[in-house]
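S.K.: Chain residues, written in single-letter form:
4 protein chains.
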Amino acid sequence: MASKSLAIIAGVGPGTGASIARIFGKAYPVVLLSRTPSNYEPVVKEINSSGGQAVGISTDLSDSDSVKAAFDQIAQKYPGAGIAAAVFNSSGSFARKPFLEVTEEEYSNSLETQATGAFRFAKRTLPLLLQAKGTSPHPPTLIFTGATASVKGSANFAAFASAKFALRALAQSLAREFGPQGIHVSHAIIDGIIDIPRTKAYTVAHEDGKLSPDAIADSYWHLHTQPRTTFAFELDLRPYAEKW
Amino acid sequence: MASKSLAIIAGVGPGTGASIARIFGKAYPVVLLSRTPSNYEPVVKEINSSGGQAVGISTDLSDSDSVKAAFDQIAQKYPGAGIAAAVFNSSGSFARKPFLEVTEEEYSNSLETQATGAFRFAKRTLPLLLQAKGTSPHPPTLIFTGATASVKGSANFAAFASAKFALRALAQSLAREFGPQGIHVSHAIIDGIIDIPRTKAYTVAHEDGKLSPDAIADSYWHLHTQPRTTFAFELDLRPYAEKW
Amino acid sequence: MASKSLAIIAGVGPGTGASIARIFGKAYPVVLLSRTPSNYEPVVKEINSSGGQAVGISTDLSDSDSVKAAFDQIAQKYPGAGIAAAVFNSSGSFARKPFLEVTEEEYSNSLETQATGAFRFAKRTLPLLLQAKGTSPHPPTLIFTGATASVKGSANFAAFASAKFALRALAQSLAREFGPQGIHVSHAIIDGIIDIPRTKAYTVAHEDGKLSPDAIADSYWHLHTQPRTTFAFELDLRPYAEKW
Amino acid sequence: MASKSLAIIAGVGPGTGASIARIFGKAYPVVLLSRTPSNYEPVVKEINSSGGQAVGISTDLSDSDSVKAAFDQIAQKYPGAGIAAAVFNSSGSFARKPFLEVTEEEYSNSLETQATGAFRFAKRTLPLLLQAKGTSPHPPTLIFTGATASVKGSANFAAFASAKFALRALAQSLAREFGPQGIHVSHAIIDGIIDIPRTKAYTVAHEDGKLSPDAIADSYWHLHTQPRTTFAFELDLRPYAEKW
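Residue numbers (our numbering), protein chains in the order written: chain A, 1 to 244; chain B, 1 to 244; chain C, 1 to 244; chain D, 1 to 244.
Isolated chain A (complex conformation) (with noise of 0.2 Å):
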């Protein structure tokens, strides 16, 4: 373990965030947030037996007092650590719809998962991320991962394009601000159907033609690796046969 700073992971299911874990785990303990145990389980299981440190902890990020106990929970467990890496992978749930069919309530649902939980899961790292300048050889990284929905409005996506959107403005607030107190905020636009479990049925025109979990992660983990003279605020990634 090359650092006591712990990378953290909000919204982990058997896709992209198990891969993130994954990765982060070869260098630091990680810590797995996410609704459903059953959701971080198997990759805390499978870091623990391979010699790495994982711990998950249930938590909604839509829910303050349930964010505030995860970190409490965490300081207990880790005391005094910073955190070296902290990665926002809440999917959201992107409802395809004819907007006179969305209910103020969903419209609200997804701001409030993907903006506002994005803003209570920044609020609660950054200090950590600040603690931890110094324990890693690479700069704290905070990144946040978006969509194809991040920078197109499209018809019937109002709900998660404006939560998407809002993602990624305080994605770059939070880069402008925090980058030059020397933490690395990014931002992943992520332009296609990733190769998860839930997607197995998705057929794609072409082989290769879902995003691989493990290379998001392996971009995630470039992007942590950047010395501070370097940082990429944004970068897209898409399969090859992608349309864009």
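Hints were generated in silico from the structure; no laboratory data involved. It is possible that some hints are incorrect.
Heads up, the list lumps identical chains together, so a pair's fine if it works in one copy or across two of them.
In the DSSO-like style, the derived pairs of lysine-lysine whose C-alpha atoms are separated by at most 27 Å in a straight line are [stated by the list, open to error]: (1) LYS243 / LYS152; (2) LYS4 / LYS77; (3) LYS243 / LYS97; (4) LYS243 / LYS200; (5) LYS243 / LYS45.
Everything numeric in this text was worked out from a predicted model, so none of it was measured.
Guided by the hints, dock chains B, C and D onto chain A, whose structure is given.
M.R.: This is chains B, C and D only, laid out in the frame that chain A set:
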């Protein structure tokens, strides 16, 4: 009065909203929504006393019931009337603040008033905009007022930029869904200080260095007059001497 | 005639250029530049016979000497006249072609006619635009016509998109340099098929599915009328049913 | 040496190009193109003396014949070899100048060296990139080096921004055409001063305030290693303290 369809403006103070009301009031009866009667009363009086028709309704766009009550009142006063033009002009508050000092409530409120408020306004106006097709020489028009923060998440503007990005996503999504149905949805990026009573004290380096509310209103009216062959979705407005 | 300052339009065929000439011809003597006299002769005749003043000059914008000769001729015909409005409307050719079939000459020509042609036009008109300050109720205006390819480099459009991106960069740079000097520089993104004789055969899925040249011209005139407090740099124009 | 396919870098001085050559030189024989032998000779020597294989060819990318001669020489030296990675790194000159002082020749040259130079490079390398498919564990990769001016046309930068915008359009168009054919085309926005001998005298406000050529090269190598499921098209690189 060219038409029985209405114009409705949400977010009316003594600045841009009033100018928009004045210009749309030359062609349509106008309904002004604002939290405080003192915000719309002067312009309502002015329009009514100069041959137009205007009514103000105290409305809190962050309160679903308040919005419902406003539209019920409109339906009662103008039974069966469609909407020829709807403008969401709620400015929001943009307290510039270090991120770690922004409370969850402030962040959440910003999304609530700008993005969810606009959602409520769109949900109520779109059916009436669709209904107004053919009642005016101009296609029914829904315009959202954006800001510099709609396209740039600056340091210390996380809450405001998140809300304004979300609003722009909403506008894009609606333009793509309702454009093909003949509704003109637009988004204006107001990039600079508007010359209104509240900003009198702000000094700018150049003469004419603030945006004119009347000129903004002229551009909104121009958007409204565009035929469906030639819709502008977005335009950016700024003073000649503004850095961008 | 409201003013002795001129309007000048480069790139005039029977479509947008002619519509722009007609509308600016109501306020200013207009000078039309086009390679082929047959392109501008009908609209010149039309304007002159309906009370306006128009002159056409055969000009090849890709030839420096030809451009010089055109402006010498203007100076002779209108000694001392400034320019109130200048529009670069050269469409360029956009042969859709697999990249490996595009010749260096085609690529180079595309840059030459669009970007360097616009450069020549801007170099000649800007001193005359600066000179016209105060001679018209509206700030001197320089408008560039862009396309979908100004903001998106699609497959098989390398030559056209390179030129249109370059043109947009030129427009941005001039807006930032000459805006503070009181010149209104704008860029219009024409996103769709324009309804002109040459495109009559193109079928589109929806009625009114092509852009109206007159409506484009109306928007250009609106840009020209904006006061310096409230300049739009960019607007995107497309038919209501266009996918984007 | 993992492969007989080559890496080729156009635009090699003592800065970024040399760093890129060093890192790609660990996996492939590298060919360096530069106008002046003194630009590539030191790094060629360095790579050859440390177990790699490098060759420099004096090439003027603005001269079609010179480019042809270079590729003929490559074909002779490495008969039948494909290209695993090609990097267009020509920086161009970015004289900051009031627009009215920029000569047509300067404007035209800027387009010629950046955009048409890149076109020539792409035309020569793409067939060899296609040919290299399957010869390396990584998809064949074509990377273009952009700048702040690739996405912003600042005042007094008309010539440089026009060329860099055009280059970005070219890169986008190629990514969309050749991505589905398995070629990874990327564009990197270098937003800041690179720490190279030529910029030693430039002072920046913060320690580590200049981009590291080695870190840029690391990111280019990361792009090269991405599998075709997960290609990044664009990333922006800047020092932590850079304003943007």
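S.K.: Can you list which hints this structure breaks, lowest number first?
M.R.: Of the numbered hints, just 5 does not hold.
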